[in-house]
Amino acid sequence: MYRYDEFDARIVSERVAQFRGQVDRRLSGELLEDEFKPLRLQNGVYLQLHAYMLRVAIPYGQLNGRQLRQLAIVARDYDRNYGHFTTRQNIQFNWVALKDIPDVLAKLAEVEMHAIQTSGNCIRNVTSDHYAGATKDELMDPRPWCEIIRQWSTFHPEFAFLPRKFKIAVTAAEHDRAAIRVHDIGLHIRKRGDVVGFEVHVGGGQGRTPHLATLVNDFVPEAKLLDYLEAIMRVYNRFGRRDNKYKARIKILVSELGEAEFRRLVDAEYAAQRDNEKIDLPQAEIDRIHAYFAPPELAAKPDASEAVEALKAEDSEFARWARINLHPHKQPGYTSVTVSLKPIGGLAGDATDAQMMTVAHLAETYAYDDIRVSHAQNLVLPHVALDDLPDVYRELKAAGLHTANESLITDMIVCPGLDYCNLANARSIPVGQAVQQVFADPDYQEDIGRLHINISGCINACGHHHVGHIGILGVDKKGEEFYQITFGGRADEKAAIGDIAGPGLKADDVPGALKRVVDTYRELRADKTELFIETLARLGHDPFKEALYAAG
Amino acid sequence: MTSVRPKLKPDTPKAVTAWETATGQNVWMTANGSWTQDVSQIAAFIGDEAEARLAEAMTQEGAVTDPYFMEVTEMGEITGRETLRETIRAKGPTVSYGEGA
Chain A
1 MYRYDEFDAR IVSERVAQFR GQVDRRLSGE LLEDEFKPLR LQNGVYLQLH AYMLRVAIPY
61 GQLNGRQLRQ LAIVARDYDR NYGHFTTRQN IQFNWVALKD IPDVLAKLAE VEMHAIQTSG
121 NCIRNVTSDH YAGATKDELM DPRPWCEIIR QWSTFHPEFA FLPRKFKIAV TAAEHDRAAI
181 RVHDIGLHIR KRGDVVGFEV HVGGGQGRTP HLATLVNDFV PEAKLLDYLE AIMRVYNRFG
241 RRDNKYKARI KILVSELGEA EFRRLVDAEY AAQRDNEKID LPQAEIDRIH AYFAPPELAA
301 KPDASEAVEA LKAEDSEFAR WARINLHPHK QPGYTSVTVS LKPIGGLAGD ATDAQMMTVA
361 HLAETYAYDD IRVSHAQNLV LPHVALDDLP DVYRELKAAG LHTANESLIT DMIVCPGLDY
421 CNLANARSIP VGQAVQQVFA DPDYQEDIGR LHINISGCIN ACGHHHVGHI GILGVDKKGE
481 EFYQITFGGR ADEKAAIGDI AGPGLKADDV PGALKRVVDT YRELRADKTE LFIETLARLG
541 HDPFKEALYA AG
Chain B
1 MTSVRPKLKP DTPKAVTAWE TATGQNVWMT ANGSWTQDVS QIAAFIGDEA EARLAEAMTQ
61 EGAVTDPYFM EVTEMGEITG RETLRETIRA KGPTVSYGEG A
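Here the protein sequences come in this chain order: A and B. Sequential numbering of the first sequence, starting at 1, is according to our numbering. Sequential numbering of the second sequence, starting at 1, is according to our numbering.
Everything labelled a hint here was simulated from the structure, so no lab data went into it. Note that the Cβ used here is the ideal one computed from N, Cα and C, for glycine as well. It cannot be assumed that every hint is accurate.
[Unchecked claim] Only pairs whose alpha carbons sit at most 27 Å apart, straight line, appear in this in silico DSS-like list of lysine-lysine:
no., chain 1, residue 1, chain 2, residue 2
1, A, Lys312, A, Lys278
2, A, Lys478, B, Lys91
3, A, Lys477, B, Lys9
4, A, Lys528, A, Lys545
5, A, Lys397, B, Lys9
6, A, Lys301, B, Lys91
[Claimed, not checked] From the structure, some residues in chain A lie toward chain B, with a derived Cβ separation under 10 Å:
no., residue
7, Asp350
8, Asn425
9, Ala426
Whole structure, please, built from the sequences with the hints as guidance.
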């Protein structure tokens, strides 16, 4: 992974010192909240329903054991013994006192972490495929390009005050696990002959006006990428609306201008860049960053492991976990392990300090010191030898981290909702837990197969409800919580925005209604290999709407 | 700062609530103008007195952040349109979390 050089280290430690001074002035009353707010947001500090919330950046979701251990220490010493992993592959602490935040940031700086650009109208954490560098189905490792974009976008003076926040995702696999079509910019790495380049999608996003991104350029060669991104950002910075917060994202600009005009403006901006401002990334620099992401040296191993096969035969729970939570690795004899943070009845994406310590230990012992956060709010150990799986599983089980539900119906994306969030209109967590309960039976879940349910507690859509196969949106009607259901969303290479099924349901009615929908799918599917989303596409939404609103 | 802060009529009983600046903990104004984390101590104000109490809170920027009116009964109990939000804010998340989850 990338390691800080002396400049990175200095920038981060100077920022900690600067913020410490700002916090002191806030606590003394010298700075008023209106003056302090933009400063704290630039350092990832929100004021939520109950307390300050600190969002820490995890660039493209990658951590090493030392970093995860430090996050555990922060959770233990400064919070209430847990943290919340987010859909931007970051982590949030919900109860940190403002007076302690400079100390927390100093602790993070010790392990090359910070909270810079995790909030505010700037370019946020670049996200990527959580199996990057390990998965069989990628063209190449996208992380070096995430890092190059991170370096370019961090403290970029021209893009510190954009009309609105800005999110970039990068993938290099045909199966898109980074949701690039619902990002402000989504990049898909391609090759033409020997030349590496990028398919550039612009103007996707969720929130109150969901849009799928438009393909603006089907191949930008790698050396030109930053100049091209800069052209997009300049067009957005100049023409993006600043008069209305709800129309300020680039998706609105692309939609209002239309694809052709937006492309023309970007091309004109790109052509107008002067030679002395072109970045024209040199090959040596591309190579230098790539060197940080050299794959681990994995010893040759046979395709299958006798130890794993033996344990599968005697422990059906392990066999199920191995069927569901493992992802094919590019090297035979290895696998990527999903550590589910979605136990039945738990809080999606939450991990206690002890659980973080366990995963850090596993990463250092069995997984080449590499941990990923997935945008579905799970953790991943990308490189694990099959022979080590029994030991890894035993430790996960002891820590309550062995739930076998990766991409199954109980692996829900759930935003914090009204239990924590100042913007939410309705609770998400208890509804998510109740939905999990009706699908808790492991055989039932496995029979249902891959089915993504995403839930948000307000229209800002942090829980990605628009792109859930089944989406749930919490709304407030005269002080009462209701839940609107959508069908047909997806975040992958066939990205789609879900359609609203009809009137909202009361919280208590949601689990039963979704069970009727899912059982209807089980009756109507062509065979067991046809996923819910495929049956929905084949038959249309009507049978499922009927089931949703049928009398319980 | 919150998504919804309904405008309350002058004669509606209201409490003044805010966040303690140093910790971020929720606080409510008591009858004597001090701040408490104990919801049983919430004071109800109406009319000009309520406006004066909120104005007073806004001068205490070092101690508290973003004070606002919250609808309560005359006894200081949370009521009205934002009952759910304010109850969660007062009592904490409705789900067990951390090691209790």
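Any hints this thing doesn't respect? Which numbers, in order? 1, 5, 6
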